[in-house]
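In case you want the letters, here they are:
There are 2 protein chains.
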Amino acid sequence: MTDAPLIAGLELGGTKCVAMLASGPDAVHEQVRIPTTRPEETLAALEAVLDGWRGFSAIGIGSFGPVSIDPRAGDYGHVTSTPKPGWANTSVARRFAARYDVPVGFHTDVVGAALGEARWGAGQGLDALAYVTVGTGIGAGLIAGGRPVDGLTHAELGHIRVPRLHGDDWSGMCPFHGACVEGLASGPAIAARTGIKGEDLPADHPAWDSVVDALANLMTTLVLTGVPRRIVLGGGVLVGNPHLLPRLRAATRLTLNGYVVRPELDGMDTFLVPAALGGDAGPLGAVVLGAQALAERSERSFTRI
Amino acid sequence: MTDAPLIAGLELGGTKCVAMLASGPDAVHEQVRIPTTRPEETLAALEAVLDGWRGFSAIGIGSFGPVSIDPRAGDYGHVTSTPKPGWANTSVARRFAARYDVPVGFHTDVVGAALGEARWGAGQGLDALAYVTVGTGIGAGLIAGGRPVDGLTHAELGHIRVPRLHGDDWSGMCPFHGACVEGLASGPAIAARTGIKGEDLPADHPAWDSVVDALANLMTTLVLTGVPRRIVLGGGVLVGNPHLLPRLRAATRLTLNGYVVRPELDGMDTFLVPAALGGDAGPLGAVVLGAQALAERSERSFTRI
Numbered sequence: 090m091t092d093a094p095l096i097a098g099l100e101l102g103g104t105k106c107v108a109m110l111a112s113g114p115d116a117v118h119e120q121v122r123i124p125t126t127r128p129e130e131t132l133a134a135l136e137a138v139l140d141g142w143r144g145f146s147a148i149g150i151g152s153f154g155p156v157s158i159d160p161r162a163g164d165y166g167h168v169t170s171t172p173k174p175g176w177a178n179t180s181v182a183r184r185f186a187a188r189y190d191v192p193v194g195f196h197t198d199v200v201g202a203a204l205g206e207a208r209w210g211a212g213q214g215l216d217a218l219a220y221v222t223v224g225t226g227i228g229a230g231l232i233a234g235g236r237p238v239d240g241l242t243h244a245e246l247g248h249i250r251v252p253r254l255h256g257d258d259w260s261g262m263c264p265f266h267g268a269c270v271e272g273l274a275s276g277p278a279i280a281a282r283t284g285i286k287g288e289d290l291p292a293d294h295p296a297w298d299s300v301v302d303a304l305a306n307l308m309t310t311l312v313l314t315g316v317p318r319r320i321v322l323g324g325g326v327l328v329g330n331p332h333l334l335p336r337l338r339a340a341t342r343l344t345l346n347g348y349v350v351r352p353e354l355d356g357m358d359t360f361l362v363p364a365a366l367g368g369d370a371g372p373l374g375a376v377v378l379g380a381q382a383l384a385e386r387s388e389r390s391f392t393r394i
Numbered sequence: 090m091t092d093a094p095l096i097a098g099l100e101l102g103g104t105k106c107v108a109m110l111a112s113g114p115d116a117v118h119e120q121v122r123i124p125t126t127r128p129e130e131t132l133a134a135l136e137a138v139l140d141g142w143r144g145f146s147a148i149g150i151g152s153f154g155p156v157s158i159d160p161r162a163g164d165y166g167h168v169t170s171t172p173k174p175g176w177a178n179t180s181v182a183r184r185f186a187a188r189y190d191v192p193v194g195f196h197t198d199v200v201g202a203a204l205g206e207a208r209w210g211a212g213q214g215l216d217a218l219a220y221v222t223v224g225t226g227i228g229a230g231l232i233a234g235g236r237p238v239d240g241l242t243h244a245e246l247g248h249i250r251v252p253r254l255h256g257d258d259w260s261g262m263c264p265f266h267g268a269c270v271e272g273l274a275s276g277p278a279i280a281a282r283t284g285i286k287g288e289d290l291p292a293d294h295p296a297w298d299s300v301v302d303a304l305a306n307l308m309t310t311l312v313l314t315g316v317p318r319r320i321v322l323g324g325g326v327l328v329g330n331p332h333l334l335p336r337l338r339a340a341t342r343l344t345l346n347g348y349v350v351r352p353e354l355d356g357m358d359t360f361l362v363p364a365a366l367g368g369d370a371g372p373l374g375a376v377v378l379g380a381q382a383l384a385e386r387s388e389r390s391f392t393r394i
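As they're listed, the protein sequences go chains A and B.
Residue numbering for the first sequence follows our numbering, beginning at 90 and increasing consecutively.
Residue numbering for the second sequence follows our numbering, beginning at 90 and increasing consecutively.
Source of the hints: derived by calculation from the structure; they are not laboratory data.
Careful, some of the hints might be misleading.
Said to hold, decoys possible - Which bits of chain B does chain A cover? Going by a derived footprint, with three or more residues having C-beta under 8 Å, they are:
(1) 137 to 145
(2) 287 to 298
(3) 342 to 353
As the list claims (entries may be wrong) - SDA-like mimics (lysine to any residue), calculated; alpha carbons at most 25 Å apart, straight line:
(4) 105(A) x 288(A)
(5) 173(B) x 390(A)
(6) 105(A) x 161(A)
(7) 173(B) x 280(A)
(8) 173(B) x 184(B)
(9) 105(A) x 92(A)
(10) 173(A) x 352(B)
(11) 105(A) x 115(A)
(12) 105(A) x 348(A)
(13) 286(A) x 298(A)
(14) 173(B) x 355(A)
(15) 173(A) x 347(B)
(16) 173(A) x 139(B)
(17) 173(B) x 144(B)
(18) 173(B) x 286(A)
(19) 173(B) x 288(A)
(20) 173(B) x 105(A)
(21) 173(A) x 105(B)
(22) 173(B) x 267(A)
(23) 286(B) x 338(B)
(24) 105(B) x 214(B)
(25) 173(A) x 115(A)
(26) 173(A) x 350(B)
(27) 173(A) x 346(B)
(28) 105(A) x 280(A)
(29) 173(A) x 348(B)
(30) 173(B) x 351(A)
(31) 173(A) x 173(B)
Positions of the beta carbon are idealized from the N, C-alpha and C atoms, including for glycine.
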């Protein structure tokens with residue numbers, strides 16, 4: 090770990106940003122939180138932090154989305170079509186790349202968290218992993234071969250539509266899809282349906298059945314992508330309701346119904362697991378994104394020689 | 090093309106196998122079809138064909154599934170839990186690797202077809218693509234960065250569960266999941282529901298609404314993986330019913346409802362497209378799998394030096 094490069098990791102969240110100067114969870118030199126306000130104010134505050142740091146070899150950024158992660162696209166490194174006031178079409182990655190003469194890695198916060206959990210957390214030693222957050226929104230980050238799974242864009246599997254529990258006709262609250270997984274099982278969806286925040290909803294409330302069923306369908310779809318060797322779960326709704334994870338394991342097993350046969354799926358207790366890095370998954374994941382950008386530039390330099 | 094290596098490509102299908110000695114679609118030296126019977130008989134017949142061929146640098150195999158594609162697994166290169174009589178737990182890739190002193194690439198038939206369509210067919214120039222076949226079964230192959238997307242295993246997204254059209258309560262016919270996409274929209278599902286084979290079902294039959302809806306949900310889920318820059322469609326149900334593709338484009342647009350904003354999705358006519366290689370997608374895809382295995386061995390040799 091001691092010879093790992095020092096990276097500036099930035100987590101851009103909907104309510105706060107975290108900047109971390111680190112080479113790993115045991116080597117965090119600096120950590121600063123900044124509220125997320127208007128983009129110009131927020132990004133300038135992050136630059137002020139980085140201007141004061143020395144010795145980082147790369148910058149990694151894990152951002153709330155949607156973002157453009159296609160290096161060939163004109164809007165690469167932007168936060169794109171977010172409803173968050175002022176942030177639509179905000180250039181992030183190229184702004185930092187222009188200011189600091191180091192490689193910049195950029196992806197979604199959940200892909201960053203997947204990379205962080207794979208390297209130092211609940212997915213250690215696994216090169217293929219999903220990280221799912223169930224909180225204000227529902228996001229899924231996928232990595233395979235130790236790298237983000239993407240192409241046209243990043244995963245948005247929180248928005249898949251799912252079959253409904255028999256007799257459940259609540260319309261859901263996703264402005265795009267109504268009763269997609271996020272529209273049924275996110276924190277705001279639970280609150281809209283029950284009038285009670287997810288953190289405060291009793292474990293025996295019947296609305297949990299619909300939440301568990303929607304999330305089990307998301308887990309099943311993730312398994313059916315063929316990618317994850319484990320699914321790591323975080324976010325306020327899951328962290329705040331420990332009764333959910335055992336129910337989700339049981340429901341996922343029923344939904345898959347034995348279709349995919351791999352040893353990893355025999356032990357649902359080790360396949361669906363809670364996140365281990367907690368609130369540090371975001372900035373530590375950003376550190377991995379920066380380290381990967383650094384490694385890629387080194388590979389390219391080597392190839393040129 | 091002339092300096093492309095000569096590859097022996099094997100497509101293992103449920104009813105027939107195709108062996109092709111080629112370096113590309115314009116350089117097919119040999120092509121042989123063999124009925125798929127018991128595994129020992131079928132594989133011996135393929136070996137007899139390959140024994141008579143000279144000059145191939147690698148073997149590529151695209152197989153019906155499920156298969157084990159994890160090189161670290163003990164059952165790597167096997168057809169695994171198929172209900173096809175005699176074929177469960179049949180070693181394929183290692184058998185050919187042991188008999189011929191060349192690299193062997195191995196994956197599903199649909200990932201092979203995706204690679205073939207990306208190199209020479211309807212996805213030329215794209216490094217991230219999905220190939221979907223709607224026929225006896227429903228399979229989806231995903232590639233990103235020009236390589237198969239996998240991890241724990243290969244994609245099985247034909248088995249995702251989907252919301253039902255209002256008022257449609259047909260139970261579906263997937264033995265594992267009932268009304269998953271394959272259980273609602275495969276050729277046998279259409280025949281079980283209507284008593285008429287998909288090829289003969291009139292375009293105005295009301296059962297098509299349910300088929301289109303299920304397939305549109307599959308397309309939407311593929312988009313939400315973030316991977317494909319285009320989805321290439323093949324298989325008997327789609328090829329035999331030209332009215333389906335325009336309906337599927339319209340339904341997919343409605344299901345996505347503008348959520349993912351990328352220029353590629355503005356033109357659904359160029360995003361959801363028919364396969365271009367027809368029946369040759371399988372063996373040509375196997376040729377690409379062989380060429381990739383050859384390239385990987387060369388890279389490893391280079392690294393060792």
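How the hints compare with the structure:
1. 137 to 145: Violated, because only 0 residues of the segment 137 to 145 of chain B bring their Cβ atoms closer than 8 Å to Cβ atoms of chain A.
2. 287 to 298: The restraint on the segment 287 to 298 of chain B is violated, since only 0 of its residues have a Cβ under 8 Å from chain A and three are required.
3. 342 to 353: Held - the segment 342 to 353 of chain B has 8 residues with a Cβ nearer than 8 Å to chain A, which meets the minimum of three.
4. 105(A) x 288(A): Holds. Residue 105(A) to residue 288(A) sits at ~20 Å (cutoff 25 Å).
5. 173(B) x 390(A): Violated, at roughly 50 Å.
6. 105(A) x 161(A): violated, 29 Å
7. 173(B) x 280(A): Answer violated: residue 173(B) to residue 280(A) is near 48 Å, above 25 Å.
8. 173(B) x 184(B): Given that 25 Å is the threshold and the Cα spacing comes to 19 Å, the pair holds.
9. 105(A) x 92(A): Cα-Cα ~30 Å, so violated.
10. 173(A) x 352(B): Roughly 22 Å separates the two Cα atoms, so the pair holds.
11. 105(A) x 115(A): Roughly 23 Å separates the two Cα atoms, so the pair holds.
12. 105(A) x 348(A): With Cα atoms ~41 Å apart, residue 105(A) and residue 348(A) exceed 25 Å; violated.
13. 286(A) x 298(A): holds, 16 Å
14. 173(B) x 355(A): holds, 23 Å
15. 173(A) x 347(B): Holds, at about 17 Å.
16. 173(A) x 139(B): violated, 60 Å
17. 173(B) x 144(B): Distance of about 33 Å is beyond 25 Å: violated.
18. 173(B) x 286(A): Distance of about 50 Å is beyond 25 Å: violated.
19. 173(B) x 288(A): violated, 49 Å
20. 173(B) x 105(A): violated, 54 Å
21. 173(A) x 105(B): violated, 54 Å
22. 173(B) x 267(A): violated, 40 Å
23. 286(B) x 338(B): holds, 23 Å
24. 105(B) x 214(B): Violated, at roughly 30 Å.
25. 173(A) x 115(A): violated, 34 Å
26. 173(A) x 350(B): holds, 16 Å
27. 173(A) x 346(B): Roughly 19 Å separates the two Cα atoms, so the pair holds.
28. 105(A) x 280(A): holds, 22 Å
29. 173(A) x 348(B): holds, 15 Å
30. 173(B) x 351(A): holds, 19 Å
31. 173(A) x 173(B): Roughly 52 Å separates the two Cα atoms, so the pair is violated.
In this structure, the hints that do not hold are numbers 1, 2, 5, 6, 7, 9, 12, 16, 17, 18, 19, 20, 21, 22, 24, 25, 31, in rising order.
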